[in-house]
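Protein chains: 2
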Amino acid sequence: MKRCTILFLPDKREVEVAAGTTVLQAAARAGIELKTVCGGEGTCGQCAVSIVEGEAEVGQGNMPRKYREAGYVLACRTKALSDLVVEVPDETRVTEQQVLLEEIDRGEVLVEAEPDVLGEYSFQPLARKVALTLEEPTLTENASDLTRLLAALNKQAGVAEVRVGLGVLRRLPEVLREGNWRVTVTLAEHEERAEVVAVEPGPSRTPPYGLAVDVGTTTIVVALVNLETGATVDRRGSYNRQFRFGDDVITRIIHASQGPEELRELQSAALETINALTGELLRANRLDREAVAVVFTAGNTTMAHLLLGIPPDFIRLEPYIPAAARFPVVRAGELGLEVNPEAPVLSFPAVASYVGGDIVSGVLVSGAAEAEPVSLFIDIGTNGEIVLGNRDWLVACACSAGPCFEGGGITFGTRATPGAIQRVEIDEDYEVRVETVGGAKPIGICGSGLVDCLAKLLAAGIIDRAGRFQEVDTPRRRDSDDGPEFVLVWQEEAATDGDIVITESDVKNLLRAKGAIYAGIRSLLKTVELPEEAIERIYIAGGFGNYLNIKDAVEIGLLPDLPREKYVFIGNASVKGARMALLSREALRGAEEVARKMTYLELSAGNMFMEEFTSAMFLPHTDLSLFPSVRGTAGREGR
Amino acid sequence: MKRCTILFLPDKREVEVAAGTTVLQAAARAGIELKTVCGGEGTCGQCAVSIVEGEAEVGQGNMPRKYREAGYVLACRTKALSDLVVEVPDETRVTEQQVLLEEIDRGEVLVEAEPDVLGEYSFQPLARKVALTLEEPTLTENASDLTRLLAALNKQAGVAEVRVGLGVLRRLPEVLREGNWRVTVTLAEHEERAEVVAVEPGPSRTPPYGLAVDVGTTTIVVALVNLETGATVDRRGSYNRQFRFGDDVITRIIHASQGPEELRELQSAALETINALTGELLRANRLDREAVAVVFTAGNTTMAHLLLGIPPDFIRLEPYIPAAARFPVVRAGELGLEVNPEAPVLSFPAVASYVGGDIVSGVLVSGAAEAEPVSLFIDIGTNGEIVLGNRDWLVACACSAGPCFEGGGITFGTRATPGAIQRVEIDEDYEVRVETVGGAKPIGICGSGLVDCLAKLLAAGIIDRAGRFQEVDTPRRRDSDDGPEFVLVWQEEAATDGDIVITESDVKNLLRAKGAIYAGIRSLLKTVELPEEAIERIYIAGGFGNYLNIKDAVEIGLLPDLPREKYVFIGNASVKGARMALLSREALRGAEEVARKMTYLELSAGNMFMEEFTSAMFLPHTDLSLFPSVRGTAGREGR
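Going down the list, the protein sequences come from chains A and B. Numbering follows this note's numbering, with no gaps: position 639 of the first sequence is 639. Numbering follows this note's numbering, with no gaps: position 485 of the second sequence is 485.
Simulated from the structure, these hints should not be mistaken for laboratory data. Note that the coordinates shown come from a computational prediction; the quantities given were computed from them, not determined experimentally. Check the hints yourself; a few may be wrong.
Note that identical chains are pooled: a pair holds if it fits in a single copy or bridges any two copies.
Once the Cα atoms are required to be at most 35 Å apart in a straight line, the calculated DSBU-like pairs of lysine-lysine come out as [stated by the list, open to error]:
1) Lys12 / Lys551
2) Lys597 / Lys129
3) Lys441 / Lys129
4) Lys155 / Lys597
5) Lys129 / Lys155
6) Lys2 / Lys155
7) Lys597 / Lys2
8) Lys441 / Lys597
9) Lys66 / Lys155
Excised from the complex, chain A in its bound form (with noise of 0.2 Å):
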């Protein structure tokens, strides 16, 4: 078979792949990791690059007009037919940089101070190092080496029922004599069951450490956590390697599902980005991976199959069982994470297929599963999580929202990177004012931008109420062969070879979105026979939550009108909850209470959601009486 040399530029990275091979392939290849929502399906449009010399194939695929006037092509679609210089332009290319400015940066912000974050639950944490003095044994004492270590654990430590695993009792007559019979014992405890998972000859100078681990879709991010002060020493974050398989769950489960081989893939994508950020966090902290001692991940139900490698295949297909709801605990080792091979890794239970630890881990950090009070969680990204509920009862459901949230689906939607829109303001000659990431020249519109521009969109009355653009009398609004649309920045001003603007369609597509949402939290309501009012608290987790002005969000329908003081973001829940798992025992018997009691609504069975979202595909929405305070400011008529 004919072999090609594909080189890629600026980066000066050459791979050589069989002729036929896709762009996008030969580029995963070479190390260089271009964005794609769809896995690589034509359908997303993000893998544009552009063939600089060679012979190409280049096929069809859903390509934006700002890369299709760019001359570019899509790297999924196009085949190498020769050798091949492609450049790859910095908008579609994955960087670290991005995802950590989006996601990890704005969390630490809003992580609480620490002490804190333990709420009412006791400091139990998962692993802890006890002193023992054993026994010299002699002639007539010749019990084993581990009879010995446990009669002292028994003694003087009070650990009755400990297991040992063989990786532990390998090393342990070395140990032993290496201490003179005094030695450190790092032990795990959790689910009523202790276990050794290092033993250290004489005293330690070192206290255990764990890792809790956020096992997003997009992002990865480990905390290293000292669980003798419960301080997070150190964090690192960083997009999924499982990015190149696809950037939502249902495209990675797809690929899954095609066989063992697959599968494995997705694992070990996952599996080496954890172990890259640990591998950082113990170099910048100078830590022997002997240091981590256990290891706790917080993520979606797909992410927690995927990490552990359990085919994840019917999480998609009706009626959407996952393999496991509760995932057994598992070593280090023998998951392949660089650590301590004996420590233990737990995860957050999940309720259902699309309700997931991660969600598990909000409501816990959130302490509305504790409180008397009626509280709202809502985790926007792709899916909308919902969860209401209070300490006697719990409901959620998972509700589509499709990617236009986290940019994608959308004309210019992009992440939450430096030069991203967050803020739009219309003036009364419909002149715009934008406000970006890091005040840089504007690149696109993420999420909380969109939210604002389509509340600012409507305000001005350049579109009404069903998101239909209106004749205005500005060169902003115009038509194009893709329908209306309106300039939010002209080209001189941003740093896209275009104008950047919101066509009629990106607006169909939030109105869809935040539809979905609120139809949600509708149906949750209706189901447990509760008014909005009802509701003491609504805390808002994840990314994009925490950008979001709650006035723009309630004045489209995306949030319920509720006062702004009911509202409190929550920042990434998943690692502040696995945190608080490592430190606390109390706090993870929590967290499967939490799921016990969680009852899954699943909203594809029955109209009661198909009603609620067409009611909400309106902006606030068709029963008006339901956002009192958005009347007087919807539409410019209403001025």
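On the provided structure of chain A, position chain B as indicated by the hints.
Quick look at chain B alone, frame taken from chain A:
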């Protein structure tokens, strides 16, 4: 570095090695197993080969006369300096056939009939299959596959707490749907915990199987047990491939102590042996490896360490402390056993460094620990392990008998292979009649033959009570460079290159060996302050014991002078005990109780053993009152 090609004849196997490599190492790499007791130290004189061509550096070593005279060199002391052609004589080669004959077939003969195997223990196999019908999931009944399985197990099989490992979980979604929500679960139950070993779609057509594995220092025997009927379906045995690292536990420990790589070599050798036997069993019985749901092993403490890859280093160093006496349950897949990777691998607990799970198994099989009368349990090999007690108390010791009862350290010693002398008659004219294993031409003397020979030499007045050779009038009694000797078989009648003799030095070795065993028995009796007459039953375990002539053994003072009817042979107690444990959780608990109850007496502590040993270095003993039945027969002068 110079490379040399070594050609082994008559195998015609070639191997390339670095110059300076020993012929023993080269043989191992060529897959040719040479006998070696010392593990390549040049002391056992077993690995004799003939250099046919080429230049070699031949080092000093302890070489038996018969080999020296034949022009052989020790493979372990001979280093290749050029390409070599090496002839390997049959007698220095380990063959499966030999070992099989020696221990396995003998064990087979003596295994009790099926129905009796469990004695009073109830039939509660370690694994069973349970057919389950799960409720089919719907949009509103959307619990996970695992939750659904566990609910059915609880409801339909009454199993509440059960572990499901990742391996099973990974296959669960597909199996549940393939079986249309009817499945068969293989459950392993042990240590009060249940675990799912396999889930099959639909009803199962095969019973669950277990492997009972005797991990002997010399031989490994694997029995395939049907856990539904309790029948031993088939069994296979072969020499333990650790053989090449030395014949006894001490040489293997020394090898393992050199480092992790050497320890792994020993572990792999044992695993390879078990896997080869298991593969044969599965093929012969048309089963796939998934059919085996549980593995139970019995072996001495060193073998248990090596099988699990636990460093045995301190077993041989005072105060002789093993790393563990109770061994963790591991997964077959984790260990590298080629059965269902989820199958738990269990083993009998040990009592001390030199009283291992094989002895616990033997005591279990004997029933000694369940009975009211006091019993003595003896397993004679390189070490003699002795247990005394009843259902209320047990005391055990181990005494180093040396390798003579296995044919080591004796000029014409051999294992009990065809041609081994097992019976000796000496008439009044000092003429000798011998009986060999399989009736073949004599090749040497095995353990039971040596006991017989010693008794007959004494009875004939050829040696005195101290083992000294007397002047008797026969050409068979002669003096060689190595001292006095007696010709048992003239060369013309033998399959050897010279006359088969027994030397004074051989007799001294035998005296020390039998003295050690008897002194061990006396030490136990003294410790519990009981007379020999208190012993109601004596159980003789192991391959050597099975062919032992009790009358001879008593006459030389190896075994107590008690009525013949008190002696019981119990054959290969390891594989028998392992099978009992597979078939009865109650029996397994019984074995654990045996280990807990057993007090280990370290003979090297204090003077008691040495005093007893010194007194026992006569035939039968310095204190003839201990051997009332022997008095009349010992020595020709007593005729």
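| task | Would you list, in rising numerical order, the hints stated earlier that this structure does not obey? | result | Hints 1, 3, 6, 7, 8, 9 not satisfied by this model.
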